[in-house]
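2 protein chains.
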Amino acid sequence: MRNAIFKHRSIRRYKPTPIPADVLRDILEAASRASTCGNMQLYSLIVTQSQELREKLAPCHFNQPMVTEAPCVVTVCADVHRFSMWCDQRDAKPAYDNFAWFVNAATDALLAAQNLVIEAETHGLGVCYLGTTLYTAAEIAKILALPKGVMPLTTVVVGYPAEEPPLTDRLPLEAVVHYENYTEYTAAEIDELWAEREESEQMKRIVAENGEENLAQVFTRHRYRAEDNLAISRSYFELLKRQGFFNN
Amino acid sequence: MRNAIFKHRSIRRYKPTPIPADVLRDILEAASRASTCGNMQLYSLIVTQSQELREKLAPCHFNQPMVTEAPCVVTVCADVHRFSMWCDQRDAKPAYDNFAWFVNAATDALLAAQNLVIEAETHGLGVCYLGTTLYTAAEIAKILALPKGVMPLTTVVVGYPAEEPPLTDRLPLEAVVHYENYTEYTAAEIDELWAEREESEQMKRIVAENGEENLAQVFTRHRYRAEDNLAISRSYFELLKRQGFFNN
Chain A
1 MRNAIFKHRS
11 IRRYKPTPIP
21 ADVLRDILEA
31 ASRASTCGNM
41 QLYSLIVTQS
51 QELREKLAPC
61 HFNQPMVTEA
71 PCVVTVCADV
81 HRFSMWCDQR
91 DAKPAYDNFA
101 WFVNAATDAL
111 LAAQNLVIEA
121 ETHGLGVCYL
131 GTTLYTAAEI
141 AKILALPKGV
151 MPLTTVVVGY
161 PAEEPPLTDR
171 LPLEAVVHYE
181 NYTEYTAAEI
191 DELWAEREES
201 EQMKRIVAEN
211 GEENLAQVFT
221 RHRYRAEDNL
231 AISRSYFELL
241 KRQGFFNN
Chain B
1 MRNAIFKHRS
11 IRRYKPTPIP
21 ADVLRDILEA
31 ASRASTCGNM
41 QLYSLIVTQS
51 QELREKLAPC
61 HFNQPMVTEA
71 PCVVTVCADV
81 HRFSMWCDQR
91 DAKPAYDNFA
101 WFVNAATDAL
111 LAAQNLVIEA
121 ETHGLGVCYL
131 GTTLYTAAEI
141 AKILALPKGV
151 MPLTTVVVGY
161 PAEEPPLTDR
171 LPLEAVVHYE
181 NYTEYTAAEI
191 DELWAEREES
201 EQMKRIVAEN
211 GEENLAQVFT
221 RHRYRAEDNL
231 AISRSYFELL
241 KRQGFFNN
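Listed in order, the protein sequences are those of chains A and B.
Per the working numbering, residue 1 is the first one in the first sequence, and the count goes up by one each step.
Per the working numbering, residue 1 is the first one in the second sequence, and the count goes up by one each step.
Because the hints were derived from the structure by calculation, they are not lab data.
All values reported here derive from a predicted model rather than from experimental measurement.
Copies of one chain are not kept apart here, so a pair can be met inside one copy or by any two copies together.
Below, in silico cross-link-like pairs of lysine to aspartate or glutamate (DMTMM-like), each with a Cα-Cα straight-line distance of 25 Å or less:
1. K7 with D22
2. K93 with E212
3. K93 with E201
4. K93 with E227
5. K241 with D88
6. K204 with E163
Chain A extracted, bound-state conformation (with noise of 0.2 Å):
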């Protein structure tokens, strides 16, 4: 176990290798396993293994090759609508169409997709999670058929490594940590937490690469910008409108 977790990196290069039936078939039976609200399964996790429909997929993904390369990509879904269809056959009123149940939903899925991601990994397959999933859901949406009551929350390219990226660096644990109560950072411990990274030659070189003066500024300036952050979030928000989880 120690091994997966611990070794974990994301691919961003692939072999066209197909995964076999039965490695697949066990990768999603360990997402199956995950923990689920009052055992109800929220999610769905649409396994796309076709050339021509990964190819729709890209541009939703900014065309990042990863998703034509690899030959699988799993759109991870919170979905409601299974469930709530089961209750509408049996005289029972669902009422999972809001915004508690997205947040539930939601977890389900991410809990099953990281033991997807783990499972592949124990066998030898390396996974990258596209945040880029939120930028575009609505198309996503319609190029998977998604009905009412199903989201797209993010995807998990599959397939066998064409490279070996070296372990990303993560902050000291007492960054993420917190014993007891949330212990409130001072402003010598966040140049602390941070400070390992901002002074790697590799971060040297992005902050210089973008002209900037250092690390935060690229992130704000560049890779994750105000305008676009609004944007995301109301076209993401008018979907889980649209897909019924907002009828609060």
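Could you slot chain B onto chain A? The hints should help.
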């Protein structure tokens, strides 16, 4: 790996044995290895071990005994506060106080939580996710002193199991997996997917105990009722706004 993921069951009775410090550190490090949006690590794990504080949290989880019996309660939070502080200190204007970044941060947090869970189980520990976190999120935020930019999502109790429950049944894998795109269910398929569960003696007993005709009515009329779902949706969304995650 097969073992921990495929042997997962929620544990609701715990021995008082504390978690050794090195084991706790290992499972927290496992959490920190999960994929994270832009390597921003937009989450915080609040590790509560003090008896006093767990007793304060217990009512937020409807006084389920495991909150005070298990030695460790981890409140899993979306957190854009730490990253935004870092930006603020570097003349970089953060704009992560909106809905897209709630979803990004929640994704980071939940992937980390599931790594923590799997690594804990590898060490022979048991866990249980507490969905009650959404019901009483505002009170939890107060008890744990969560600042603006931090939102509780779920809670994981961790400790040595004092019970050995059987594996929970799941719907057939084809219920949650769609190949290529979403395939709408027929009414007959829905019946078939739930048939085994509905016919089990345990579920028939639960239906009878609740005085209902079928299992779906147990869910909609007892476990997760419309009025509660709406109230939780409203209070959780109010907190989301108050914590500064909805400046779209």
